[in-house]
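The chain contents come next:
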Amino acid sequence: MRTPRILKPFAQATGMPRTLLYSGVIIVLFFVILAIFAPWIAPYGFDQVSADGVRFPKQGAPDSAHLFGTTVQSTDVLSRVVWGSRTAIEVVVLALIFSLTIGVPLGLISGYVGGKLDRTLVLIMDALFAFPYLLLAIVIAFLLSDKLGQGVVTAALAITAVYIPQYYRVVRNHVISVREESYVEAARALGAKRMTIIRRYVLQNVIQNVPAIATLNAADAILTLAALGFLGYGIQPTEAAEWGYDLNRAIDDAGAGIWWTGLWPGLAIVLLVTGFTLVGEGLNDVLNPVIRARRLRKPKMDEAEVEAEEEPSHA
Amino acid sequence: MSSESENPLLQVRDLRATYSVRGSFFDRLRGREAGSVKAVDGASFDVRRGEVLGVVGESGSGKTTLGRTLLGLVEASGGSIVFDGQEIAGLSESLFRTLRKRLQIVFQDPHASLNPAMTIGTAVSDPLRFHGLAEDKEAVVAKVEAALERVGLAPAAQFMSKYPGDLSGGQKQRVVLARAIILEPDVLIADEPISMLDMSVRAKILELMLELKDELDLTYVYITHDLATAKFFCDRIAIMYLGRIVEQGPAEEIYRDPKHPYTQALLRAIPNPDPTSTVPRDLPRGEVPDAVQPPLGCNFHPRCPKAFEVCGWESRDLRALLEARWTKLSEAEFEEERAMVGGLEGLDVAATEAVLEPGTEGTPEDAGNMLGRLKAQDPDDPFWKGVEKTSTEEDGAHVRFHKPVEPRSLEVGGAIVECHLHDPEAIEAAERLRAGAGSADGQDDPV
Amino acid sequence: MREAVLEAKDLRVWYATETDPVRAVDGVTLDIRPGETLGLVGESGCGKSTLGRALLGLTPDSAGVSGQVLYDGRDLTEVTPKEMRELRGPELGLIFQEPMTRLNPLISVEKHFFETLKAHEPGLSKDEMRVRSLEALAGMGIPPTRFGQFPHEFSGGMRQRIMIALTLVLEPKVVVADEPTTALDVIVEAQILGILADLRKNFDAALLLITHNLGIVAEACDRVAVMYAGRIVEDGEARQVFSKPAHPYTRELLRSIISLQTKGLNYIPGAPPDLVDPPPGCRFHPRCPDAMKVCAEKFPIPITTADGQRVECWLHGPESEIPEGGTEQLAREEIATAEEA
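Protein chains in written order, with the working numbering: chain A, 2 to 316; chain B, 514 to 960; chain C, 78 to 418.
Each hint should be verified, as a subset may be incorrect.
[Said to hold, decoys possible] Using C-beta positions, here's what the derived DEER-type ranges look like:
| no. | chain 1 | residue 1 | chain 2 | residue 2 | range |
| --- | --- | --- | --- | --- | --- |
| 1 | A | Ser178 | B | Ala652 | 57 to 65 Å |
| 2 | C | Asn279 | A | Arg19 | 35 to 43 Å |
| 3 | C | Ser202 | A | Thr20 | 58 to 66 Å |
| 4 | C | Ser202 | B | Ile940 | 50 to 58 Å |
| 5 | A | Arg19 | C | Lys159 | 31 to 39 Å |
| 6 | B | Ile940 | C | Ile184 | 44 to 52 Å |
| 7 | C | Asn279 | B | Ser790 | 16 to 24 Å |
| 8 | B | Glu519 | C | Glu405 | 44 to 52 Å |
| 9 | B | Glu858 | C | Glu198 | 31 to 39 Å |
| 10 | C | Glu155 | B | Glu858 | 49 to 57 Å |
| 11 | C | Glu212 | B | Lys819 | 31 to 39 Å |
| 12 | C | Leu201 | B | Glu941 | 56 to 64 Å |
[Stated by the list, open to error] Only pairs whose alpha carbons sit at most 30 Å apart, straight line, appear in this in silico DSSO-like list of lysine-lysine:
| no. | chain 1 | residue 1 | chain 2 | residue 2 |
| --- | --- | --- | --- | --- |
| 13 | A | Lys299 | C | Lys203 |
| 14 | C | Lys159 | B | Lys841 |
| 15 | B | Lys841 | A | Lys194 |
The set of hints was computed from the structure by calculation and includes no laboratory data. Virtual Cβ for every residue (Gly too), placed ideally from N, Cα, C.
Chain A on its own, in the form it takes in the complex (with noise of 0.2 Å):
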């Protein structure tokens, strides 16, 4: 059986690459298991106060009851950070589909077709790249707010905003230059239509950059959602638990030192990115030929040698 192609990475990296995709994985598959899990996994809600009728400390240290502490508004630590997980999850999920959908095809149109459509198409694009992305997440979660509320999907559309521009680059560039190789007029030759020459010629063929980008990007996703959560444009703190706001919380208790209401939400944001990051860069070594073949050794020629001699005497 031959290795799916989508697979491919992972059974032809070795060393370093190997070590970074593979320890990555580890670390996002660990959190996509508490997001999955989180009701059996967290101990209480990501809003709960109380326990059988027992309200919380406010700012309780780690105990037994509370391994990681709680709020100041007595919600458990440990609790949020596993909810959490699940919301900056379910986040980049939905923002990478969204962008992918969105930026994808409209890259493949614009670079296939060319002309005025795709003139058009890059002059959005690039105003959309040229503006600070996280104040073009702040805007687009602000005009969103009123008719989706501060949720989930709000957060994924202001993230997919950012990214958009980006996978619509990166596609259309490659794009451009699949366009003018032989097999793709060759199809036509064969009697393609425009549509199929598309789909089964140049997407197949330019697709294969997306998943070192994706990952990167989900690294990215992950931040600017803390920072949106951070100044109080993300996820509302009734909707879900969110790493990015108990973090903008915590500032006042760091002085006090009440260190676990933001060390907790602060390390899953850094261990996630750095997850993504470790896929990201693990993919772009094994698939980059150029990065690939930088890695090689010499080979050892005193091999050579000895091989050379024994070589025209034994029969």
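Guided by the hints, dock chains B and C onto chain A, whose structure is given.
What follows is chains B and C alone, placed relative to chain A:
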């Protein structure tokens, strides 16, 4: 040759294809005008069913564009293509699409012609899908296997799930051929199908193409720069130069008695794998000129050793002759002569009257002297046949050329040739000019 | 016979891969003499280009090199990169297939020449540089009036001439030309080959002409080296090799040429082997019509034939080394298209 009554499968008349050129980045920076290239400039030929027509030319001859125009991949800007009784030049893309079941093309680079992300099985079955012939999955697999085995990729099952990257160049070209024949086309246009392959494989692919032709009753248009393979492979040959077919006829006739000086030169230039032969020296000078501004008259005249009065001599030829002379001089001699004349840019625009300007410190007489030296060097250069009159005027030395005459396609001994050497009218016109120059006021300058 | 100007002794160049190395050049012994044109031929993937570059010390950092390349008493595989840079140009020149990729589109031809000359012969005055450059260009048929123009203003053939002139202006003793005319049209190709043929007469330079076109070798080369799977399998006077090829590979290669005289099609079955794991014994034996039992078992010993070719083939002996029954025809499985090129 087949009987007159049988209609040719492809009948091409005065076919034209024009590209507009954007010009290079530098040209655009310097505000140079973009022009248009007549990649194919009035091509007429017939291809009979079961025949192999070789279209032979160097790069820039328009042979590749010609092939693509036949398939509608490049839009014809004029003329007609009648395929099996139906006019197809200028059809819409969607009409052409259905037609491509019957007209197929194989490109030069087998590696680039296959989608690297697609298995061989999918690649070969895709044409069936494009034309809605892929309803029955099992039938498709059977057809693909049959096609692969027909091109010698057996057992086919072994290749179906491979990617192009797993195959060698020859195997890839076989896959490309399998993909082309799966629709059972009538005509296969093969654009340099073997030039990217190794010497040791070329014969194999050619042999395969001959087998396919016999088995599937194919008609080939074989586009190539290589007269040696064309000789072996083709029934008829059309030689292209700068968008025009300069000579066409039965292969035997073309090789036995090449009539156009260009065909003769091409045949001489082919490296001969015989160590007693040496590099031919009597080859046409220069290279294929810029197609944006083709030469006046006959396109080949600037390089033609046999060109004469009416072939289209013009200002640019004067510049070329001057530069050729200067290339042979020492640096000091060149500097001296260079100072005798002014800027040469004026000669770059095609004109039948050229003015050789004097240098900044020179006189018109200097420019005239320069012309004299040029003629003294080689009075037998065909260039001087084209000069009607030289005179020294205030703005420099004037050279007036004979009026260019466009060469006509004429039937000469079984071939169709576009060359004044074979046109009695042109020869007669030239003789009249010669006689006129002898008696009347030919030259008023001591050149 | 004149003494060799450049000499390779048991040269090996192995490229690293993620698994075992590719033995692109695997034990090549070759010399080039002044004023001589040596043709290096073989199918693609046989290591021709790698050998050509290795002779000029141009191997990638990740490649392993062993053996010797002797030039002027020095081993080029040992010299420092700096010394190598100083040698390249005035002593050893290289002409590439794609001239445009080697010319800087932003600077004029004049500047290309001046910079080259300045780098290697710093003492020259501007006038001297101009004279030298124009001479080199004129030799290639480029008129002096076009000295100030930019690379893109020239046609492909002209650019290749400029590249050659740029190599020759430093008057190197050895020039390696890697498929210098492959990208060009036949007439221009013949023009340039004519110029290269004159060159060795006028400059006394040694020229290594790498090509896949045997017709070119026949017309332009004095001597020919045939390369197969990283080895030189035959090396001899061009006339001799063409009229009486000693190695079956050479013979089959010559037979597969399609020329104007071709009456029937011939080809070599199979494809050059994977150089990561070449076949045992003679590397050509799986494709060789004359293969004997010994060929599949023992690596052939280089031998000089009565006609003067150096050849690696058991057909020419030495008989003392061939084991009992080794000369029996090798029963070969039919080479399926599946493994073919």
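Here's how the hints hold up against the structure:
The hinted window of 57 to 65 Å between A:Ser178 and B:Ala652 is violated, with their beta carbons roughly 37 Å apart. Restraint check, C:Asn279 to A:Arg19: a C-beta distance of roughly 58 Å breaks the suggested window 35 to 43 Å. Between C:Ser202 and A:Thr20, the C-beta spacing of about 59 Å keeps the proposed range 58 to 66 Å intact. Checked against the hint of 50 to 58 Å, the pair C:Ser202 and B:Ile940 passes, with Cβ atoms roughly 56 Å apart.
A hinted range of 31 to 39 Å for the beta carbons of A:Arg19 and C:Lys159 is consistent with their spacing of about 37 Å. For B:Ile940 and C:Ile184, the hinted distance range of 44 to 52 Å is satisfied, since their beta carbons lie about 49 Å from each other. For the pair C:Asn279 and B:Ser790, the beta carbons lie near 22 Å from each other, so the given range of 16 to 24 Å is met. Look at B:Glu519 against C:Glu405: about 57 Å separates their beta carbons, and that is not inside 44 to 52 Å.
For the hinted restraint 31 to 39 Å between B:Glu858 and C:Glu198, the CB-CB distance of approximately 33 Å keeps it satisfied. A beta carbon spacing of about 54 Å between C:Glu155 and B:Glu858 agrees with the range 49 to 57 Å that was offered as a hint. Checked against the hint of 31 to 39 Å, the C-beta distance between C:Glu212 and B:Lys819 comes to roughly 32 Å, which is consistent with it. With their beta carbons about 58 Å apart, C:Leu201 and B:Glu941 fall inside the hinted range of 56 to 64 Å.
For the hint pairing A:Lys299 with C:Lys203, the CA-to-CA distance comes to about 44 Å; that exceeds 30 Å, so the pair is violated. Distance check on the hinted pair: C:Lys159 and B:Lys841 sit about 38 Å apart at the alpha-carbon level, beyond 30 Å; violated. For the suggested pair B:Lys841 and A:Lys194, the alpha carbons sit about 57 Å apart, so the restraint of at most 30 Å is broken.
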